[in-house]
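Student: The residues making up each chain are set out below.
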Amino acid sequence: MSIQRIDTVKRRSEVVIHDNTIYIGGQVADNTSGDIGAQTSAILANIDRLLAQAGSDRKQLLSVRILLADIADYAGMNAVWDEWIPLGYAPTRACTLQQLINPGWRLEIIAIAAKPRPARKKPDHA
Amino acid sequence: MSIQRIDTVKRRSEVVIHDNTIYIGGQVADNTSGDIGAQTSAILANIDRLLAQAGSDRKQLLSVRILLADIADYAGMNAVWDEWIPLGYAPTRACTLQQLINPGWRLEIIAIAAKPRPARKKPDHA
Amino acid sequence: MSIQRIDTVKRRSEVVIHDNTIYIGGQVADNTSGDIGAQTSAILANIDRLLAQAGSDRKQLLSVRILLADIADYAGMNAVWDEWIPLGYAPTRACTLQQLINPGWRLEIIAIAAKPRPARKKPDHA
Chain U
1 MSIQRIDTVK RRSEVVIHDN TIYIGGQVAD NTSGDIGAQT SAILANIDRL
51 LAQAGSDRKQ LLSVRILLAD IADYAGMNAV WDEWIPLGYA PTRACTLQQL
101 INPGWRLEII AIAAKPRPAR KKPDHA
Chain F
1001 MSIQRIDTVK RRSEVVIHDN TIYIGGQVAD NTSGDIGAQT SAILANIDRL
1051 LAQAGSDRKQ LLSVRILLAD IADYAGMNAV WDEWIPLGYA PTRACTLQQL
1101 INPGWRLEII AIAAKPRPAR KKPDHA
Chain H
2001 MSIQRIDTVK RRSEVVIHDN TIYIGGQVAD NTSGDIGAQT SAILANIDRL
2051 LAQAGSDRKQ LLSVRILLAD IADYAGMNAV WDEWIPLGYA PTRACTLQQL
2101 INPGWRLEII AIAAKPRPAR KKPDHA
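Protein chains in written order, with my numbering: chain U, 1 to 126; chain F, 1001 to 1126; chain H, 2001 to 2126.
Rather than coming from a laboratory, the hints here were simulated on the basis of the structure. Worth double-checking, as some hints may not be accurate.
[To be verified] EDC-like, lysine to aspartate or glutamate: derived pairs with alpha carbons at most 16 Å apart:
| id | chain 1 | residue 1 | chain 2 | residue 2 |
| --- | --- | --- | --- | --- |
| 1 | F | Lys1115 | F | Asp1070 |
| 2 | H | Lys2115 | U | Asp19 |
| 3 | H | Lys2010 | F | Asp1030 |
| 4 | U | Lys10 | H | Glu2083 |
| 5 | H | Lys2115 | H | Asp2048 |
Given these sequences and hints, build the entire structure.
Tutor: Here it is in structure tokens:
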């Protein structure tokens, strides 16, 4: 199986797919003036969009890494996350405090998800 | 193949299994009063238990990420690790210093492991 | 499929391969006196060598995690990276600032790559 890439520029791809596993690179908010709620929502919307482009969705998340700039934002991040992740579909998670490249970013999220296999077509006479 | 989850609460799963790959979320010590030896042992015991629930074991570890709060604990963490990992079965590893969410945690460990395929059953007449 | 390990010592393996996925542990420069350009080049040369030992190459990278000790080195790291990664083959990436175990290390890189499947042999009469 070959590798598929989405939104590839010179330096990075937003998504790389291999063997039914989807790797999503570090996602950040475009609008750095937003508070933790706004930035978390923007990032999760990015992830929804990238998963859709990859033929998947948030119920297929396997592992999520949350890099948070300020411990004071922990509750605000989780409030948005808990609303977003469907009950019973939570991925594994690890969240640590981290200095991010752009000081305007309040968090960055990296994810791995599954790509569902297409349903097997039934033969015409079935 | 569908996704299997272990110890899933609203916010996270402790383990997610997909395509013979086992993702283990960030593990920390329940008892934050323990020193680095106690906390490392508690985390590795958690990982043993989660791997067993997933049908695997420590010899199947592929990749381990160690997030250490204090460089002074590096030798103490490694002493427990070196005792725990069977000779010849060490996974890839990366260890960096990191501010963790709970200041009582001295380290946090994230892991990826393989789920061994069940041995193929021999036919009865074999 | 069994697990293959490369450069395994008691504590860690440099590479672990499972199901066509190659995990590369945290790579650092041996020569800590080098500047960001020299250390980045040394690490990427290590990754080239490890990928070759695993039967793969830099075009098969899926996900790269860059741990940078000092924001002042961000441009210098990227200059070497941008030169190294072939156009159109960029993996997903996340780069954050991080205190590394050895204060002489300016960066550390962790990677996941695909192991290409051997081309299917054509029958002799093809």
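Student: Would you mind marking each hint as holding or not holding in the structure?
Tutor: Hint check results:
Between the alpha carbons of Lys1115 (chain F) and Asp1070 (chain F) the distance comes to roughly 33 Å, so the proposed pair goes past 16 Å and is violated. Straight-line distance between C-alpha atoms of Lys2115 (chain H) and Asp19 (chain U) comes to about 11 Å, which keeps the hinted pair within the 16 Å bound. At most 16 Å may separate the alpha-carbon atoms for a hinted pair to count; Lys2010 (chain H) and Asp1030 (chain F) exceed this at roughly 28 Å. Annotation: proposed proximity of Lys10 (chain U) to Glu2083 (chain H) holds, straight-line Cα distance about 9 Å (limit 16 Å).
At most 16 Å may separate the alpha-carbon atoms for a hinted pair to count; Lys2115 (chain H) and Asp2048 (chain H) meet this at roughly 13 Å.
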